[in-house]
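Enquirer: Here's the letter readout for the chains.
Number of protein chains: 4
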Amino acid sequence: MEKWDGNEGTSAFHMPEWMKQEFNKRPTKIGRRSLSRSISQSSTDSYSSAASYTDSSDDETSPRDKQQKNSKGSSDFCVKNIKQAEFGRREIEIAEQEMPALMALRKRAQGEKPLAGAKIVGCTHITAQTAVLMETLGALGAQCRWAACNIYSTLNEVAAALAESGFPVFAWKGESEDDFWWCIDRCVNVEGWQPNMILDDGGDLTHWIYKKYPNMFKKIKGIVEESVTGVHRLYQLSKAGKLCVPAMNVNDSVTKQKFDNLYCCRESILDGLKRTTDMMFGGKQVVVCGYGEVGKGCCAALKAMGSIVYVTEIDPICALQACMDGFRLVKLNEVIRQVDIVITCTGNKNVVTREHLDRMKNSCIVCNMGHSNTEIDVASLRTPELTWERVRSQVDHVIWPDGKRIVLLAEGRLLNLSCSTVPTFVLSITATTQALALIELYNAPEGRYKQDVYLLPKKMDEYVASLHLPTFDAHLTELTDEQAKYLGLNKNGPFKPNYYRY
Amino acid sequence: MEKWDGNEGTSAFHMPEWMKQEFNKRPTKIGRRSLSRSISQSSTDSYSSAASYTDSSDDETSPRDKQQKNSKGSSDFCVKNIKQAEFGRREIEIAEQEMPALMALRKRAQGEKPLAGAKIVGCTHITAQTAVLMETLGALGAQCRWAACNIYSTLNEVAAALAESGFPVFAWKGESEDDFWWCIDRCVNVEGWQPNMILDDGGDLTHWIYKKYPNMFKKIKGIVEESVTGVHRLYQLSKAGKLCVPAMNVNDSVTKQKFDNLYCCRESILDGLKRTTDMMFGGKQVVVCGYGEVGKGCCAALKAMGSIVYVTEIDPICALQACMDGFRLVKLNEVIRQVDIVITCTGNKNVVTREHLDRMKNSCIVCNMGHSNTEIDVASLRTPELTWERVRSQVDHVIWPDGKRIVLLAEGRLLNLSCSTVPTFVLSITATTQALALIELYNAPEGRYKQDVYLLPKKMDEYVASLHLPTFDAHLTELTDEQAKYLGLNKNGPFKPNYYRY
Amino acid sequence: MEKWDGNEGTSAFHMPEWMKQEFNKRPTKIGRRSLSRSISQSSTDSYSSAASYTDSSDDETSPRDKQQKNSKGSSDFCVKNIKQAEFGRREIEIAEQEMPALMALRKRAQGEKPLAGAKIVGCTHITAQTAVLMETLGALGAQCRWAACNIYSTLNEVAAALAESGFPVFAWKGESEDDFWWCIDRCVNVEGWQPNMILDDGGDLTHWIYKKYPNMFKKIKGIVEESVTGVHRLYQLSKAGKLCVPAMNVNDSVTKQKFDNLYCCRESILDGLKRTTDMMFGGKQVVVCGYGEVGKGCCAALKAMGSIVYVTEIDPICALQACMDGFRLVKLNEVIRQVDIVITCTGNKNVVTREHLDRMKNSCIVCNMGHSNTEIDVASLRTPELTWERVRSQVDHVIWPDGKRIVLLAEGRLLNLSCSTVPTFVLSITATTQALALIELYNAPEGRYKQDVYLLPKKMDEYVASLHLPTFDAHLTELTDEQAKYLGLNKNGPFKPNYYRY
Amino acid sequence: MEKWDGNEGTSAFHMPEWMKQEFNKRPTKIGRRSLSRSISQSSTDSYSSAASYTDSSDDETSPRDKQQKNSKGSSDFCVKNIKQAEFGRREIEIAEQEMPALMALRKRAQGEKPLAGAKIVGCTHITAQTAVLMETLGALGAQCRWAACNIYSTLNEVAAALAESGFPVFAWKGESEDDFWWCIDRCVNVEGWQPNMILDDGGDLTHWIYKKYPNMFKKIKGIVEESVTGVHRLYQLSKAGKLCVPAMNVNDSVTKQKFDNLYCCRESILDGLKRTTDMMFGGKQVVVCGYGEVGKGCCAALKAMGSIVYVTEIDPICALQACMDGFRLVKLNEVIRQVDIVITCTGNKNVVTREHLDRMKNSCIVCNMGHSNTEIDVASLRTPELTWERVRSQVDHVIWPDGKRIVLLAEGRLLNLSCSTVPTFVLSITATTQALALIELYNAPEGRYKQDVYLLPKKMDEYVASLHLPTFDAHLTELTDEQAKYLGLNKNGPFKPNYYRY
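Protein chains in written order, with the numbering used here: chain L, -15 to 486; chain E, -15 to 486; chain A, -15 to 486; chain Z, -15 to 486.
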């Protein structure tokens, strides 16, 4: 089976360089997919109770070759070991406690079943949080079939629990690439069932249907896509006039953006650095490359912990923000000799070059909070004169001939995903956003959405936020009729013009 | 002469309630215009050196009745006293030092004179900063005629200095309403000169031309409008299909918004409270109504000073931001009895009602950082059982029958404008934005802008920011060719998609 | 009449250099006393309602030459104008509202009259806050006679109100030096009344008694001194074996120190800079010389407002604290060319030299938050090649031949006293501390205090704090018996060993 | 062999209740010693490279029964396995890189060998950092013999490396109580060698010599003690008149206090909570019991991360500080139902009672950052109706009959020691303080120190700080002669009076 990027020549859309690189990192038979958010969640963290069950299942038979049935007699699924269902159910129950928004959604929307008749095919990380999402979609009336968007990130117990409760799930931890596409195909290519909604994370499922079953789009009411990469692909399709159904870009909804980037990274930068290096932040000199949401979060946290923070930027507006927030705006070269930590948050490539690395002082820590693994030119460090020493999981010392050591974290991959965890609350925001986007697209009157890529309607975005307020015992004020009239607003929102920046 | 709002019945557009109220506050013969930003700048601050010259000119003759000529023999202007020109020039020179962006613009764009042929009619506050803007426009090739957008805010010395150096300026401090419209008319109704660009602040100039000289729009290339009110009017015109030239909404440019609201208010809330009450912030309980940019600035500043801050919000997204930033989100009623300070930043009306005021504790301070003077229901305090005591300029004690005192600042008008000052740096951002918007509209190729309201192009917004970076000795990083290609960006920007939120 | 420093040769104790300088600034006939804290409070602030009464009393007769009686017929006082009593009473009543601790003390201690029999002679600034203190001492059973410790700081109305209600007060605004000592003498040299307690601020009263009435010390139970200078004098006396009664150094009590320095300066640095320069703090580079309590307050405030702050220190412990709090520790020379603001908080002399001033960039602001007026070598700027231009009250531009301007605030005197105000809450802490110190010394059993200088007993210090907690609606936890036993503490305190640093 | 507390009746000093409890936790044959700081450092952290060597030495023979020699033929030591020396040496070398102060001390003081002739017996945790200290003492001229102060905290490889390089070390991980005292005895009870200095951590070594070899004190010049418990014992001895040599309380030196408590806990509270619970801090409501240095650190960190923090206090001064720093001061009962996290930092017992635990909401996290394991009444949770569920290492869910779960961390023991790590920089501060205290006591002229407990001289404290400044590239300013004279200070310090609070 060909990979999508193998078809580039014949592809309908131009692929920018960074996306090509993403593809080059995709799994080969013995390859590794790039680390993605939920992987850290399901990683073999020594603390994780779930991990142990997984490890105990040292069954070497491929799930594709197994005959498994759930307790109701169904065999319309393919998971590692259906017997792990009970453990997975416990994980799901714990996740339910921390995802009150989805639980509230189940309650509020259950009467009217807003997804009655929906046939959703999904391709996401398969974790306890996803399970809560799927079971919520089910409770709202939808039928679901699901595959994993990453060959490593599936929690086998959770997959088993979902299969046991009747969800056709096709996923296990450690799929081959062939397994990967086989699972996706099993979700969509099924007798007597055709999806009318797509929930995708990365665009692989969407791509597969485009390539193999383009006719399916006739019945499909819309695509909900959450990843940067998948969204980029959709915009390219749209630009090329090849997008044949409405698509919802949930990645750029306000709430999701703020939580994935600003709020989450404000905490995970500290967490990732501590878990890997046990360093003290106070008094350290740090340069943060990039002052977008991620950079803002990193800078705020480190400043609060007593670090002295420098910022580099290419965008003059973000640069001015850095100034007003109290950070010296410099070029990397100006401070590279003096800093104790270098953090990249740019989404760019080769922001930290070998030349920079050569000039850093002994014991300088280098890590990436931005995008993929391109920001630090790690390849340039794979030269004979440098010695690599693995001192801990995710921590390498790269040693120069004169004895200078650079502390490289996660081999330049994302620190927050490799060496920290994503709080369930952040995943709850994302899952709720996905659920509402599906409801919106499925129920939208004819003509509201054309064959284009849309941001989540502001009102839905606001609803996601409102569902999470009770967690903080936060009490929203309601407009009086008089006030609503004065402002020219509906009392239930949306409350802001589209260009509002929050 | 009729006021615009007097014509509402025949007006092309629907006027929302808050705008009607704005109008009701507009000057009558003995009335007062609402305080606007620059007024505080030109107020009779005992520190201000300029103020003294003004006070000494106790000439009672109306400028309209005077015969004045500048040293070159021109009498195409109308100011209080042309002899004050020298003092005004000094004020302008000081302002030039603090507006490096405009000075840089003069230098960079002077060779090519991007405004050669432009005939700009302007209606703004007339202050030293405006003078720097006008003289910059002149240096770029434009001819200008100017009136004041506020009957109280003109600095007479500055107007004199501008007249002396050849600018037809029609403005003085303390105009009557009739004077106000007369001055505007003198700017546009002139033999042998017709404007082709409008720079407006509040929409009065635009309105006047619409009403009296609609044919002028044939030659006009565009309108640049900076105020919330004026922008609202333009959107209404556009919605009604009556906008006959392109208009640029510079109020909502990123840079201007952040500086006018977040960065400026973060400082002016402290300044305004200190200058009026000498209070100590540490340990005080404060409720901030509204968590937009202004509210965010106020909350951050007070939290940093050791206050305990509560927030009220109607918008769940902003509410969630408040939570994540560490503020308890409450309804006003929940905390009204315990707080020491109440600050409104909503843009709404009657956010603080008489009922709230009745329940506040003794010595509670109440002030408005939001919009206009509607947020606190001050009218409800004008009842016989309450005693008002003016204890300082801008500070009233309202005394309940039981002796309880509420400390009301600026009679509920904007604290930051009434009791604080706007730093020149913030005015520099605005003026530079206006200049670039004029250049853009004037030079845009046919068809780029239609008869609609536009935000400042992102590239221009970025340029405004970049012109202000040298003030902070901030060093921007440039993309390499390789990086620009990787990101799919032009090396000179714009660097972000339009929906980017900063 | 000789000044104390005129007697130095014969004085009992060695006077360090900084104290000699203090003396040199003391009033001569046409001289000025150094600004002291309460002066700003009583300054002709245009906001102050009190100030206006003072101004209206343009009576040129010296109070010493007037015959005045209060309504009860007493003439045992000397104030500017007894008729101003009513205005002063109102000021006192307002101050009472903001000094709840003293009011609580009146209530709690009134039954037992802990100062019954005390005859207190006092020499402090005479302000509304002092009046609240004096009337509290009265309510606790003491008789008081009072003079001013500063020839400029007396609020005449308040003095009148005190005289009217029966306090023998000898003070007015604008005393000559001869008046100054005459007033002090009138307090102590009185038929049939001899003080048994001294409350001093600066040591002048103590000195006077030492010089003129040394026998009085036989009946005096103790001295309470609040100023740095006065405390220093007492330690010198003690060292020289000349201290003949116990003295209480209230200046160094924990609560007073934290409020006078850390908490107060954290706010007044912002206030002082804003009121004088209207500058924006965001993005500004600032160097703070000295990281004691004052420096810590300044740094924290400016960092929070978005300034980039550098610190200089001589003490390695404070230096390390600055590092851990996130400030670059530098020598002044390293950053002097690049900073926008220089703030001294050292207590040292010539911290900012002419050489530094020569190297500062245009528009650099220079001010002193530390001690006296020695920190900036202002004298070095009084040279012919530099031009001084007074641009506002308390703001001078010093102009170099090449046009460079340095903005010097308050001529190098204390910014927080000259250009800001001291919140009543801070004065309340001080006054309460003084009252408790008097009670302690007066009631201490024989032998508890010897002829030495003591810090306020920790339990009293804690009591001062506890009296101020209700202002913040703060609820203290009480130890259970079991816990008190476990910790080996008395349930009512003191709670910490003497060396505890808070 | 009797334990110290077994002798209490005959003991010279009164033992307060908390100390008795400490003793009751001490090791029995199969018992556990209380966790101490370095234990976490040497714990079987999955990241720790050192840990793996330890695990591989599954030799069950007691070290006391082994015959081991180092490469020079000496057998004057007792460690787990001398062959691990090489691994331990590497650990020591890494630690050396992060302890620049001790390395600088070696260099600076090496010429004069200030400890020439010193015979130091030590009893501390045996870690790589201790090894750097011991080898520094050796380089300064001292002979050392060493035992472990904790039966679990010894890093066997490090002990081996020390033995290999000639240090008589008697310690291994997992000693029995009998081993513990045997090791101490082997350090002091040796032919032809008598200690003249004691370095103790906890007081056990000191106690042993008091009990068994009181005559040794004739030659002993002093004791340096670093722990709270050991210091308390010394003060008791002193009070009882039984202290027969000078002792230095290094625990309360400024630098050590600030780093052990404020700076370290500011970071470890976040680290400990993240590693155990992966929770998000933003928006969480937290109550911190106690606002001493530890509480201040915890509060500052959590506030910065967006938590809403309440504080409880018994000491009104600390309470007022909490108010001024922006925290609501409450009684625990007022907020116990609403908070998400409860953190104790009091040093007290039963601060969190069963009644509090009963009232907490579901999922509330409870942990202890204070002292020992007394603060939370964990014993009260060991009742039949509650179910304990271990969900991760150091994390228990305690489940109420109604399903409510409380998340108890580290079973109520110290979170920062159990679930976080102590940065080497903090240990460097402590070790340097110990070295300087030894030098001071050893070299002090006759009479400077009597048979009492002393704080580290301020000048030494300052010296510790100054040795750590280069780590931050921090540049100290030196007083000019003129300034030193003005301030009455020596140019090299000490710079502050003894009562200065920093």
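Hints are computed from structural coordinates only; laboratory data are not their basis. Any given hint could be a false lead.
Copies of the same chain look alike in the list, so a pair counts if it fits in one copy or across any two.
Claimed, not checked - Result set (SDA-like, lysine to any residue): computed pairs, CA atoms no more than 20 Å apart in a straight line:
| no. | residue 1 | residue 2 |
| --- | --- | --- |
| 1 | Lys469 | Glu44 |
| 2 | Lys202 | Pro454 |
| 3 | Lys67 | Pro385 |
| 4 | Lys345 | Met200 |
| 5 | Lys91 | Gln178 |
| 6 | Lys203 | Lys469 |
| 7 | Lys287 | Asn173 |
| 8 | Lys287 | Gln269 |
| 9 | Lys91 | Phe201 |
| 10 | Lys287 | Ser377 |
| 11 | Lys205 | Trp166 |
| 12 | Lys50 | Thr213 |
| 13 | Lys475 | Gly331 |
| 14 | Lys315 | Gln435 |
| 15 | Lys157 | Asp386 |
| 16 | Lys388 | Glu80 |
| 17 | Lys480 | Asn173 |
| 18 | Lys480 | Pro84 |
| 19 | Lys195 | Lys223 |
| 20 | Lys53 | Leu463 |
| 21 | Lys443 | Tyr483 |
| 22 | Lys196 | Asp361 |
| 23 | Lys480 | Gln269 |
Being a predicted model, the structure only gives us computed values, none of them experimental.
Enquirer: If a hint holds in the structure, say so; if it does not, say that too.
Expert: Here is how each hint holds up against the structure:
1. Lys469 with Glu44: For Lys469 and Glu44, the Cα distance exceeds 20 Å both inside one copy (67 Å) and across copies (45 Å).
2. Lys202 with Pro454: The answer is neither: 40 Å in one copy and 56 Å across copies each exceed 20 Å.
3. Lys67 with Pro385: For Lys67 and Pro385, the Cα distance exceeds 20 Å both inside one copy (54 Å) and across copies (29 Å).
4. Lys345 with Met200: neither (58 Å within a copy, 49 Å between copies)
5. Lys91 with Gln178: neither (28 Å within a copy, 65 Å between copies)
6. Lys203 with Lys469: Answer is neither; intra-copy 41 Å and inter-copy 38 Å both fail.
7. Lys287 with Asn173: neither (53 Å within a copy, 52 Å between copies)
8. Lys287 with Gln269: Both. Shortest intra-copy (10 Å) and inter-copy (16 Å) distances satisfy the 20 Å Cα cut-off.
9. Lys91 with Phe201: neither (31 Å within a copy, 58 Å between copies)
10. Lys287 with Ser377: neither (27 Å within a copy, 31 Å between copies)
11. Lys205 with Trp166: The answer is neither: 24 Å in one copy and 60 Å across copies each exceed 20 Å.
12. Lys50 with Thr213: neither (34 Å within a copy, 63 Å between copies)
13. Lys475 with Gly331: The answer is between: 15 Å across copies meets 20 Å, while 39 Å in one copy does not.
14. Lys315 with Gln435: Answer is neither; intra-copy 43 Å and inter-copy 42 Å both fail.
15. Lys157 with Asp386: neither (43 Å within a copy, 36 Å between copies)
16. Lys388 with Glu80: The answer is between: 14 Å across copies meets 20 Å, while 49 Å in one copy does not.
17. Lys480 with Asn173: Neither: 43 Å inside a copy, 40 Å across copies.
18. Lys480 with Pro84: Classified as neither; 26 Å inside a copy, 34 Å across copies.
19. Lys195 with Lys223: Answer is within: at 18 Å inside a copy they meet the 20 Å cutoff, but 44 Å across does not.
20. Lys53 with Leu463: neither (54 Å within a copy, 56 Å between copies)
21. Lys443 with Tyr483: Classified as both; 14 Å inside a copy, 16 Å across copies.
22. Lys196 with Asp361: neither (37 Å within a copy, 64 Å between copies)
23. Lys480 with Gln269: neither (39 Å within a copy, 29 Å between copies)
Violated hints for the displayed structure, listed by number in ascending order: 1, 2, 3, 4, 5, 6, 7, 9, 10, 11, 12, 14, 15, 17, 18, 20, 22, 23.
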